[in-house]
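Work out the full structure, taking the sequences as your base and the hints as a guide.
Here's the letter readout for the chains.
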Amino acid sequence: MKLLNFLGVAAAVVLGAGTVAAATLDDVQARGKLNCGVNTGLVGFAAPDANGEWDGFDVAVCRAVAAAVLNDPSAVEFISLTGKTRFPALSSGEVDMLSRNTTWTFSRDVDLKFEFVGVNYYDGQGFMVPRSLNVSSATELDGATVCIQTGTTTELNLADFFRSNNMSYDPVPIETNAEARQQYIAGSCDVYTTDASGLAATRANFENPSDHVLLPEIVSKEPLGPLVRHGDHEWGDIVRWTLNALIAAEELGITSANVNELAGGTNSPEVSRILGTEGNLGEMLGLDAEWAKRVIAAVGNYGEIFAKHLGESTPIGLERGLNAQWTEGGLLYSPPFR
Amino acid sequence: MSAPSQASFKISMLLNDTRYRGYTFQFTSLLLLFVTFSYLGSNLIRNLEEAGLNISYAFLGEPAGYDINQRLIDYTSQSTHMRATIVGVLNTLLVAFLACLSATILGVVVGVLRLSKNWLISKLMAVYVEAFRNVPVLIWIIIVFTIMTAVLPSPRAFRGEDPSASMIFDAIAFTNRGVYIPAPVFGAGSLIIIFIFLTSILAIFWYRRYATKLLYGTGKLLPVFWPSMAILFVPSFVVFFALGQPISLDYPSLTGFNFSGGWTVRGSLIALWFALAIYTGAFIAENVRAGILAISVGQTEAAASLGLRPNRVMNLVILPQALRVIIPPLISQFLNITKNSSLAIAVGYMDITGTLGGITLNQTGRAIEAILLLMLFYLLISLSISAIMNVYNKTVSLKER
Ligand SMILES: N[C@@H](CCC(=O)N[C@@H](CS)C(=O)NCC(=O)O)C(=O)O
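Chains A and B, in that order, are what the protein sequence lines are. Here my numbering is used: the first residue of the first sequence is 41, the next is one more, and so on. Here my numbering is used: the first residue of the second sequence is 32, the next is one more, and so on.
Treat the hints as calculated values from the structure; they're not laboratory data. In this text, all values refer to a predicted model and were calculated from it rather than measured experimentally. Be aware that one or more of the hints could be misleading.
If the Cβ cut is set under 8 Å, some of the chain B residues that face chain A in the computed set are [as the list claims (entries may be wrong)]:
no., residue
1, SER108
2, GLY287
3, PHE288
4, GLY298
5, GLY379
6, ALA398
7, ILE399
Counterexamples of contact, computed for chain A against chain B with all Cβ distances above 10 Å [said to hold, decoys possible]:
no., residue
8, ASN75
9, ALA90
10, GLY164
11, GLY191
12, ASP230
13, SER308
14, GLU352
Pair ranges (Cβ atoms, derived) [stated by the list, open to error]:
no., chain 1, residue 1, chain 2, residue 2, range
15, B, MET406, A, GLY293, 56 to 64 Å
16, B, ASP193, A, GLU368, 20 to 28 Å
17, B, ILE76, A, ASN248, 54 to 62 Å
18, A, GLU93, B, LEU324, 23 to 31 Å
19, A, GLU359, B, LEU124, 49 to 57 Å
We put the beta carbon where it would ideally sit given N, CA and C, even for glycine.
Structure below.
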């Protein structure tokens with residue numbers, strides 16, 4: 041046994057294997073690129089645009105972090121991950137962070153050993169059906185064939201919902217949103233279920249979005265947010281406070297348009313602390329003073345990001361709802377910057 | 032002084048002397064192998080420890096929480112992960128069995144036909160073989176599935192006053208979710224019919240044996256095919272009607288969103304089964320052709336000069352000998368089918384890779400445990416298949432005295 045251990049350790053030392061409490065920040069800066077896990081393509085959240093540039097609500101979080109730590113919002117390697125591959129990719133270190141419609145749950149946080157740094161979208165699971173089916177409530181779905189993305193929370197919620205309503209259904213497990221969409225359009229399932237925001241985004245890309253209805257029932261809580269691996273708290277802090285900076289910026293009225301002007305001088309102490317003209321918050325994070333200023337200049341504040349990718353002026357047309365600032369009756373509430 | 036043989040031993044002989052060289056190399060390889068594995072093993076354990084993970088199979092006893100669409104045994108979302116695993120195992124075995132069977136039939140037919148003297152037939156078979164074995168099986172699976180979902184109507188099309196799709200003979204519905212077929216319902220007395228049917232099968236064997244014996248003993252040739260058919264069906268039918276038709280059929284019918292009643296053969300099963308069968312069938316066809324070509328033409332000519340008709344030459348002389356060449360590669364084709372069936376998730380078929388290696392793994396995060404179990408399962412299955420086929424191979428192989 042001793043020999044075995046010795047050989048193993050010796051070999052490990054020689055080959056330099058093993059992930060000894062890696063400092064993700066150093067890795068990212070040495071690499072000059074942030075590896076960010078996003079979904080495989082859901083317009084509005086993360087999808088390549090016409091020029092092949094990744095764009096969307098979740099993508100903006102990746103770019104914000106890249107702006108903070110690398111001084112360049114485009115220094116991101118986007119790695120598209122399915123519901124199934126996202127967690128192994130994060131825990132193995134293939135990606136530095138995950139920003140992929142991922143629900144914060146107990147077991148993912150505790151058992152899978154991830155650290156959810158916050159919530160960037162408060163969501164819940166919904167159902168979409170073709171209008172021609174004349175279904176007006178999810179309780180009328182007894183016996184339906186349901187398309188569902190495997191490896192997601194929605195799979196378990198679905199089982200619970202149908203069981204507690206004493207209904208039967210026929211699940212069709214599917215890997216990606218694109219395949220689900222195809223099956224749903226072909227009519228090989230009656231219903232598509234996933235996060236309501238995802239349904240809205242999927243529907244917006246149909247040829248005739250109005251031929252499909254989202255049922256009123258929301259059957260679960262799906263707080264979606266970015267996450268990192270357990271173990272590297274400094275890195276977790278950076279991602280957490282980047283997200284908080286986006287949220288606080290909206291609350292305090294910092295936008296991509298006025299950020300430079302505010303950095304020149306303002307009488308709000310918290311704004312000054314965020315933008316690095318007062319205090320040394322950036323230094324505490326292991327970054328420079330202007331980290332948050334770059335973030336907001338690059339991607340805008342939370343409200344701008346929401347409006348640009350998901351808001352009512354986009355085809356997806358989501359209301360702020362729960363995702364309004366706490367001052368507006370929503371749930372967004374950034375801890376203070378001090 | 033030590034013994035002369037020892038005295039003359041020099042270190043360099045370990046490499047130069049053919050008596051020792053073999054041992055030296057074997058020992059070095061063994062050592063290298065050992066080092067590699069202990070490195071990998073300890074690396075794994077250390078990394079797991081560092082990540083705070085421990086190997087535990089306790090999750091198998093916990094409720095799975097998800098539903099599975101194709102279940103050969105009772106299963107609900109409250110059943111354990113273990114049961115979900117078993118459901119997956121059975122689904123794997125089902126599709127592997129179906130695909131092995133159809134691939135073999137297809138392969139034998141195509142392999143024989145490819146040697147046909149008819150130019151068109153043999154060329155068609157050649158095209159089939161080359162087209163199908165040179166495109167990856169995953170692509171075939173997806174092609175078949177996509178064609179099915181795109182071409183076949185959805186159950187909705189069967190509804191309404193003037194439906195755009197209708198059932199065949201009012202009994203079978205082809206939809207893009209699968210094929211719905213009538214299922215037998217066994218009433219009182221159906222056991223008797225099943226018993227009679229099984230007895231008929233035995234009777235056929237007995238009859239065939241008798242016919243062979245008669246042929247060898249007296250040279251009298253009895254017809255075999257039609258009497259066999261008669262033995263198979265007539266008694267069962269007579270009893271079936273005599274007992275007042277105790278076995279009836281449950282026809283699928285459109286209720287709510289889907290067809291209900293009868294049996295459902297899911298689209299995912301059909302796509303996987305069909306794709307595996309046509310893909311592997313092409314390989315088996317080549318094995319069969321090779322087996323037949325390995326039998327010298329002299330055998331055919333000799334058999335023909337004995338007055339045997341061509342299909343008898345094939346069935347009685349060529350194929351039995353060709354089997355010796357065909358069986359060993361056939362085993363590996365069966366193993367291929369079983370392993371390739373793990374591509375099931377591409378069409379959402381819930382085999383063991385889909386349940387244990389998919390949803391269970393994902394919901395519990397027990398990747399290493401699940402993958403180890405998965406490897407163990409495929410290993411066991413593959414070893415069992417080769418064991419069974421090897422036994423069969425022994426029975427057909429050349430018996431030498
Ligand atoms: N929030 C759920 C579901 C996440 C999910 O997979 N959402 C879908 C639809 S909203 C998605 O992002 N699909 C994009 C893809 O297939 O990559 C979870 O974390 O398990």
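Each hint tested on the structure:
1. Checking B:SER108 against chain A: minimum C-beta separation of about 4 Å stays under 8 Å; hint holds.
2. Restraint check, B:GLY287 versus chain A: the minimum CB separation of about 4 Å is within 8 Å; hint holds.
3. The beta carbon of B:PHE288 is positioned within 8 Å of a beta carbon in chain A (closest approach about 4 Å), and the interface hint is therefore held.
4. At a threshold of 8 Å, the smallest CB-CB gap from B:GLY298 to chain A is about 7 Å, leaving the interface hint in force.
5. Against a cut-off of 8 Å between C-beta atoms, the interface hint on B:GLY379 holds, since the closest Cβ of chain A lies about 5 Å away.
6. At a threshold of 8 Å, the smallest CB-CB gap from B:ALA398 to chain A is about 6 Å, leaving the interface hint in force.
7. Contact between B:ILE399 and chain A, as hinted, is not supported at the beta carbon level, the nearest pair being about 11 Å apart and thus beyond 8 Å.
8. The claim that A:ASN75 is not at the interface with chain B holds, since no C-beta of that chain comes within 10 Å of its own (minimum 18 Å).
9. A cut-off of 10 Å between C-beta atoms confirms that A:ALA90 is not in contact with chain B; the least separation is 26 Å.
10. Under the 10 Å C-beta cut-off, the non-interface status given to A:GLY164 relative to chain B holds; the minimum distance is some 18 Å.
11. With a closest Cβ-Cβ approach of about 4 Å to chain B, A:GLY191 is found to fall inside the 10 Å limit, against its non-interface label.
12. Taking the minimum C-beta to C-beta distance to chain B, about 5 Å, the non-interface status of A:ASP230 is violated against the 10 Å cut.
13. Even its closest Cβ contact with chain B, about 42 Å, leaves A:SER308 beyond 10 Å, as expected for a residue assigned away from the interface.
14. For A:GLU352, the non-interface assignment is confirmed: its Cβ lies about 33 Å from the closest Cβ of chain B, beyond the 10 Å cut-off.
15. For B:MET406 paired with A:GLY293, a C-beta distance near 57 Å keeps the hint of 56 to 64 Å intact.
16. Separated by about 53 Å at the C-beta atoms, B:ASP193 and A:GLU368 break the suggested range of 20 to 28 Å.
17. Range check, B:ILE76 to A:ASN248: Cβ separation about 56 Å, and the 54 to 62 Å hint holds.
18. Between A:GLU93 and B:LEU324, the C-beta spacing of about 58 Å breaks the proposed range 23 to 31 Å.
19. In this structure the hint that A:GLU359 and B:LEU124 lie 49 to 57 Å apart at CB holds, the actual value being about 50 Å.
Hint check: violations occur at hints 7, 11, 12, 16, 18; the rest are consistent with the structure.
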